[in-house]
Amino acid sequence: MREFLLRRLLQVVPTVLGLLVLIFVVSRVMPGDPVRLALGPEATRQQIAAYEEKLGLDRPLPSQFGHYVAGLLRGDLGESIRTYRDVRLDIRDFLPATVELVTVALVIAVCLGVPFGIVAAMYPNTWIDNLSRLVAVPGVALPRFWVGILLQVGLAYQLGLFPIVGRAVRAPQTITGLYLLDATLTGDGGALLDAVRHLALPALTLALPTLAQVARLTRAAMIDVLKRPFMLVHAAYGVPPRRLVWRYGLRNGLTSVLTLVGMTYGALIENAFLVEVVFSWPGLSAYGAAAVLAKDFNAVVGVTLVVGLSFVLANVLVDLLYGYVDPRIRHN
Amino acid sequence: MSTPASVTTELPGVLAGDRPRRPARWVRRLLRNPLSMAGTTIVALLVGCALAPGLLAPFPEDAGPSVHFDRAAQPPGPAHWFGTDEVGRDIFSRTVFGARVSLALVVAVLGIAVGVGVPSGLVAGYWHGRWPSTALMRVTDVFLAVPPLALALAVTAAFRPDLGSAMLAISFTWWPWFTRLVYGEVLARREEPYVEAARALGQRDRVILFREILPNVISPVVVKATLDVSFVILLGSSLAFLGVGAQEPTPDWGAMVARGRTFLPGHWWMSTMPGLAIFVAVMGFNLLGDALRDALDVWER
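Listed in order, the protein sequences are those of chains A and B.
When you line the first sequence up against this note's numbering, it's residues 1 to 332, in that order.
When you line the second sequence up against this note's numbering, it's residues 333 to 633, in that order.
Hints are computed from structural coordinates only; laboratory data are not their basis.
Don't be surprised by glycine CBs; every beta carbon is placed ideally from N, CA and C.
There's no promise every hint is true.
[Claimed, not checked] Below are the SDA-like pairs computed for lysine to any residue, each with C-alpha atoms no more than 25 Å apart in a straight line:
| # | chain 1 | residue 1 | chain 2 | residue 2 |
| --- | --- | --- | --- | --- |
| 1 | A | LYS227 | B | ARG625 |
| 2 | A | LYS227 | A | ARG197 |
| 3 | A | LYS227 | B | ASP622 |
| 4 | A | LYS227 | B | ALA627 |
| 5 | A | LYS227 | B | ASP626 |
| 6 | A | LYS54 | A | GLU42 |
| 7 | A | LYS227 | A | TYR123 |
[Claimed, not checked] Over 12 Å on every C-beta distance to chain A, these chain B residues come out as not near it, computed from the model:
| # | residue |
| --- | --- |
| 8 | LEU383 |
| 9 | PRO397 |
| 10 | VAL399 |
| 11 | LEU495 |
Let's have the full structure, built from the sequences with the hints guiding it.
Following this line, the structure appears as structure tokens:
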């Protein structure tokens with residue numbers, strides 16, 4: 001298992017290096033002049049030249065790349081031209097809100113989607129299976145920013161069940177920056193309830209299309225597994241049906257579900273951009289979207305880097321889980 | 333030149349007797365299922381809207397920057413089915429014209445993605461194992477490691493926000509998916525007997541690649557492209573919603589939702605109706621894509 005883990009982690013190195021090159025290319029080589037954008041239209045030729053020298057933009061590209069990577073290794077992402085703060089500090093402040101949102105959405109999507117898919121696969125062509133298909137087909141077609149707006153208007157404005165925007169009225173004492181966790185750790189019941197009520201709609205919006213997709217793919221995977229001969233053998237040995245499905249069937253169907261969860265994570269991160277904007281959620285994605293509009297290159301690079309890295313790591317994690325679920329992969 | 337190659341061109345990897353009936357069979361399979369029919373109908377309507385929006389929209393001039401303050405912010409009714417926006421433009425007409433914007437984006441993005449992805453995948457798969465192929469596949473790995481919306485957003489930061497930038501940005505993130513797909517298909521095909529046969533007959537690589545392998549790669553590419561249409565529509569409208577895609581007065585669905593959002597909750601129709609259009613369009617292409625995949629029997633996701 002340890003060798004498998006090491007091998008998998010080594011494979012990440014070229015991808016991460018490539019990611020750095022890609023982001024560097026997007027931020028430095030693409031048209032659009034970061035210096036002119038940073039200094040504004042009034043800057044003189046000398047000022048531009050001086051600023052280019054300061055940023056190292058007058059040097060050849062390979063040397064610039066070295067400079068950029070060296071900066072990253074020191075944790076230096078440069079200053080934001082929008083917030084006038086270190087991008088690193090901005091990311092540190094905004095990241096926990098996104099992590100909380102995406103994690104809760106993932107938990108909702110998996111914990112509801114997988115059982116739903118399994119039950120639909122156990123009773124194909126019954127009402128519950130038809131219901132799952134009826135929800136799954138339109139579910140994946142929902143634009144999340146639109147779902148968010150509908151839920152916001154319906155449940156928050158009209159019925160007043162949830163707060164309309166924001167993350168909390170009263171934030172709990174900061175330990176991790178994850179409000180649910182912090183409120184629980186400090187035993188602050190009021191703040192916990194407040195955080196849950198604020199989180200409910202954004203998390204649901206983010207989770208809904210993914211839930212539909214998870215249910216649909218789990219159903220397909222399980223239908224495939226339930227037909228295999230070993231299931232018949234176990235049934236012939238008298239393994240009770242429920243145990244048969246949840247124990248023997250699920251473990252074999254789980255690899256395809258895990259692949260999906262890995263892909264889902266990427267979908268959730270990118271859709272967080274939309275959901276955070278709709279609900280004014282003070283997260284990294286909303287920060288990144290604002291940075292793009294303001295042409296705040298250092299911030300854009302920082303956010304893209306964090307999103308890319310976390311996506312790569314999520315995929316590694318999924319592969320490691322494969323190894324855990326399916327010993328054949330571990331030894332191959 | 334009546335070489336064996338021209339014979340195999342007519343029978344690309346399919347059983348000879350099966351070939352003439354094949355299109356008819358998949359078309360029939362496509363039309364039998366009500367969901368596939370629904371998908372086909374929606375897509376046909378959208379294409380109709382995109383080709384001749386002027387004929388279908390009751391107020392074609394509202395697609396542009398026109399202003400009618402006398403009928404501003406009216407709720408949906410018989411005169412304006414989807415209501416009017418804050419300057420009195422008919423939202424139904426703008427939604428009809430929006431189909432053209434969305435489909436133009438789709439055609440541009442998938443055109444570029446297929447145009448770059450298919451040749452690069454063919455070459456990388458056929459000369460698999462040599463360093464340019466390996467390097468190219470590493471490059472696609474990197475692209476696939478960033479969620480497309482995040483990458484497209486970062487790319488648009490370098491450009492002026494408009495429809496063209498959104499097209500470029502999405503295309504930039506999209507081609508590696510096709511490279512990977514074609515690469516995998518070619519790897520599977522290049523060992524097949526008919527390729528070996530062509531090689532044994534002394535065919536040049538170029539001929540084998542384009543006459544023997546390419547025709548067999550087309551149907552997964554078509555299915556992927558169809559399934560991708562809905563993702564591209566969603567991505568394009570998401571970029572517009574975030575303000576880095578198509579801009580006012582372009583009747584883009586995502587931009588309309590974003591603009592309508594500022595008039596919530598009172599004038600709910602301004603953002604609900606264009607959002608509904610995105611939903612219906614995406615669902616239509618999804619249904620058609622699923623149906624095509626089943627009918628052409630390519631692969632299960």
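Here's how the hints hold up against the structure:
1. For the suggested pair A/LYS227 and B/ARG625, the alpha carbons sit about 22 Å apart, so the restraint of at most 25 Å is met.
2. Restraint check: the Cα-Cα separation between A/LYS227 and A/ARG197 comes to about 43 Å, which exceeds 25 Å; the hinted pair is violated.
3. With a C-alpha separation of about 23 Å, the suggested pairing of A/LYS227 with B/ASP622 holds against the 25 Å cut-off.
4. Proximity of A/LYS227 to B/ALA627 is assessed by CA-CA distance (about 23 Å); at most 25 Å being required, the pair is judged to hold.
5. Between A/LYS227 and B/ASP626 the alpha-carbon distance is near 20 Å, which keeps this suggested pair within the 25 Å criterion.
6. For the given pair, A/LYS54 sits about 19 Å from A/GLU42 by alpha-carbon distance, which is consistent with the 25 Å threshold.
7. As the CA atoms of A/LYS227 and A/TYR123 are separated by approximately 13 Å, the hinted pair is consistent with the 25 Å bound.
8. Distance check for B/LEU383 against chain A: the nearest CB is about 23 Å away, which clears 12 Å, and the non-interface claim stands.
9. With a least CB separation of 22 Å from chain A, B/PRO397 remains clear of the 12 Å interface cut-off, as annotated.
10. Even its closest Cβ contact with chain A, about 25 Å, leaves B/VAL399 beyond 12 Å, as expected for a residue assigned away from the interface.
11. Every Cβ of chain A is farther than 12 Å from the Cβ of B/LEU495; the closest lies at roughly 16 Å, confirming the non-interface assignment.
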